[in-house]
Amino acid sequence: MHMKKLTTLACAAAIASLSGVANAQISDGMVKIGVLTDLSGTYSDLAGSGAVLATQMAIDDFIAEAKPNFKIEMVSADHQNKADIASTKAREWFEREGVDTATELVTTSVALAVMKVAKEKNRIALMSGPASTPITNEQCNDVSVHYTYDTYSLANGTAKAVTKQGGKTWFFLTADYAFGQALEKDSSAVVVANGGKVLGSVRHPFPASDFSSFLLQAQASGAQIIGLANAGADTTNAIKQAAEFGITPKQSLAGLLMFITDVHSLGLKSTQTMYLTTGFYWDLNDATRAWSKRYFDKQKRMPSMVQAGQYSSVLHYLRAVKAAGTDEAGKVMAQMKKTPINDFFAKNGQIREDGRMIHDMYLVQVKKPEESKYPWDYYHVRQTIPAAEAFQPLSESRCSLVKK
Amino acid sequence: MKNNDSVFTRIMPFLFGLLFLIGLVAPFAVYPTFLMKILCFGLFACAFNLLLGFAGLLSFGHAAFLGTAGYVCGMLVRDVGVTPEIGLIGGTVAAGLLGWLFGVLAIRRTGIYFAMITLALAQMVYFVVLQVRATGGEDGFQGVPRGNLFGLIDLSNNISMYYLVFAVFCIGFFIIYRTVHSPFGQILKAIRENEPRAISLGYDVTKFKLMAFIISASLAGLAGATKTLVFQLASLTDVHWHTSGEVVLMTLLGGLGTILGPLVGAGTVVSLQTELADIVGSWVTVIMGSIFVICVMLFRRGIVGEIQALIQRAGIR
Amino acid sequence: MEIFGVPSALLGSQLLVGLINGSFYAILSLGLAIIFGLLNIINFAHGAQYMMGAFVAWIALTKFGINYWVALLVAPIVVGALGVLLERTMLRKLYKLDHLYGLLLTFGLALIFEGVFRDQYGISGQSYPVPELLEGGVNLGFMYLPIYRGWIVIAALAVCFGTWFMIEKTKLGAYLRAGTENPQMVQALGINVPLLITFTYGYGVALAAFAGVLAAPVYQVNPLMGSNLIIVVFAVVVIGGMGSIMGAILTGLGLGLIEGLTRVFYPEGSAVVVFIIMVIVLLVRPAGLFGKA
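Protein chains in written order, with the working numbering: chain A, 1 to 404; chain B, 405 to 721; chain C, 722 to 1014.
Quick caveat, the hints were computed from the structure, so don't treat them as lab data. All values derive from a computational prediction rather than experimental measurement. It cannot be assumed that every hint is accurate.
As the list claims (entries may be wrong) - Taking lysine to aspartate or glutamate pairs in the DMTMM-like style, the calculated list, with each CA pair at most 20 angstroms apart, reads:
1) A/185 <-> C/989
2) A/185 <-> B/542
3) A/67 <-> A/343
4) B/593 <-> C/819
5) A/403 <-> A/142
6) A/269 <-> C/856
The task is simple: from the sequences and hints, build the whole structure.
As structure tokens, then:
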């Protein structure tokens, strides 16, 4: 015990003495954080201005906690879900404005484009919003962190739990593009691995607004569970119409990519008893409630997991910059990877070599209207999925950084 | 009118020379990636303008050419491993062929039917791009290397990339300028003004229109292929109908049927999109919409068109 | 029984669902066709006005407690009045110009409307409950039909054919039709043509808003709900023949059915089938199915 304490002290002293020298290494004496998000499109509710607010909160909290002797600045921009706008903006930030990290980056095409620019310019990409697994597989690189969630963890969590609880036969309603297909593929594998059976699937065009024909096909399949391998407005419309056609509650829906914003907009009446997986829920414990309340006071909405993850990732980044005494990407990444993440968002979170941040995920079930006691009281937390099980294991990784 | 035309003819060489010089030094004053984007969309809008402004054909599917060429160029450079110039040529040829196909199907229709048929065909292209695995679908076609031009000049340097884009733009612009001022261009204008008359004069109107369409499509493709090299990616946005709408806005805002208007329009729209994104956040679309409305209500001739009108009025005095 | 490997019960239900969607197409394309026929304006804001209809209904319910049935009347009037305002202040100045300008102006307006609503109400959308009277469903044997969906078909068809009757068979409609053919002549007969045109635009917009209210209980009320629909509805109008009233109605219903079938046999293609049909129709009949060449 004594020894341990001593070494910690020694380390702290060493770091403190180092940081005196190292401060010179923070470019322009300033750490600049860019929030590149969707402020106007499909993802503006689950990321958007809320993510900008979360970033500002992280910066303020860090300044209060660590009293750093470097300045911190934030810039934000709307990438309008266009990869070329995002890549131009990121390039400009890195090349001309001395931005050290591009963060949030919701939607995969944007994330992949910015990751490439970050690698080229040796800056860091912190991704809280995007969902697809190629980010930490085929397209992975050593300056990127995929922070909050991914399709694997959501599909895995939900499909496994639902199958184990007796939902043995599945039918998928899949958005017909890469992301939806990946979601279907990942979930199917989990369903089969847990003794379930996939009866079929229907691919609907993206985006679609009327799901009745697809739902009728799902109904005709007789499957117990209809897996919704889509996102955003597609998911909400499908859920709403499933209730309308009397498909639920006879057959159950499983949302493979759902956010609290979706539940909020649909209301509990159409979403009740659905299972979904999330990386964060505001009403989990005192720490999450305390932070979320501060967030709520400013945004008038409870945070989504993307927004909470955004706060956590920025705070972790800033702490790493201070500890490493530099904002050089390689050193900060090394620092971020070796330090466990402990805050209201993650307990012992860890960034793996493929850039995947692993932390506990939560399987939740949407409450019935009569069970909801106060605003935003939406979920029963049914199960905590330990970090080690929640994400794609490194042994299955297709990332070139993973040594096998 | 004649008189004023000659005023412009006299000014034009100087103006082009001046703009050329500005283009040469610009990357040292303004952020090169930003300039490259303007030049790519500028060429795209100029190509579109060749069709709408000089031949009177409103295509609502030009994104198909921009995007197809972008994907083809990207695949050639990234997956086949050819040098960038081959990628550019490949993309352009692909867009030209697609343009020929669109043209054959659409060219006999006029007005709104022409616009709708091009839109429909472009939607099909969008569908194909979304479905085919090789394009990366929603994730976009990422990680296209800029490579070495002719196997010699390293394009990963922004300045050398800029001069390639600038050269491409100048070539494209020159082709458009020559086309407009050739006998071919005169016949196009004649068709635009009075099609029955052009027919009665013995011109094969369909053939001329089709030629114009193919040239326009190829140049739009050239712009798209260049864009892919600059940004090292092609995405669904490039083939989406919103992009087809955007190019109409650029052309109209800059000045329909003016030779420089589309470039000015593209510059304005691109700057607004990039710069406004930081300042006004979610209000970008509202502001873009307002510009549309103001432009249509107050200055239909567009920026360059209004300036020309001013000069003309001054010239008359 | 099976048809091409698809159970006939499923096929029947798909056709019915197609008909329901077709009713939306019909009512939206009808509005577009009327506006185009009389004003020569391609109303790109139609999708946004449809969205606004749904939002007005939602706001009326949540803020003022106005129920669905009243909203069905109020929302079209409110949105239609806004349309009248637009026509008076802006569109009016564009009639003598190329189609292009009307299209661009309304495109800009659509962007503004959608942007403002998005900023006010967010992107995830709002839920509008099915009115109590129409809750539940009936089992038709081959499918479970929600009563509300049945109501959509009835309401849409009633409005569509009512409109058709008004234009083709009444005196007001005769003025309208004459006004498009020869405005000076009609003006000379002492009829206020500009007023007639204003009314027409307002009515076309009100139709869009009516469709919006009908849609509110089945789709999420979302600022972008009309932005992708508009392209399909355009295609419907073009296939039917620009400006043809009956063409718009019948094509809307027909395309709903065809789309429904595509969703069974080749679901991925259901978003593009309408465009394929459009190209084919325009190649064979340049003025559309019901248009005058």
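Hint check:
1. A/185 <-> C/989: holds (17 angstroms)
2. A/185 <-> B/542: Given pair residue 185 of chain A, residue 542 of chain B holds - Cα atoms ~16 angstroms apart, limit 20 angstroms.
3. A/67 <-> A/343: holds (18 angstroms)
4. B/593 <-> C/819: At roughly 17 angstroms apart (the allowed maximum being 20 angstroms), residue 819 of chain C and residue 593 of chain B satisfy the hint.
5. A/403 <-> A/142: holds (13 angstroms)
6. A/269 <-> C/856: holds (14 angstroms)
Every hint, counting from the list given before, is met by this structure.
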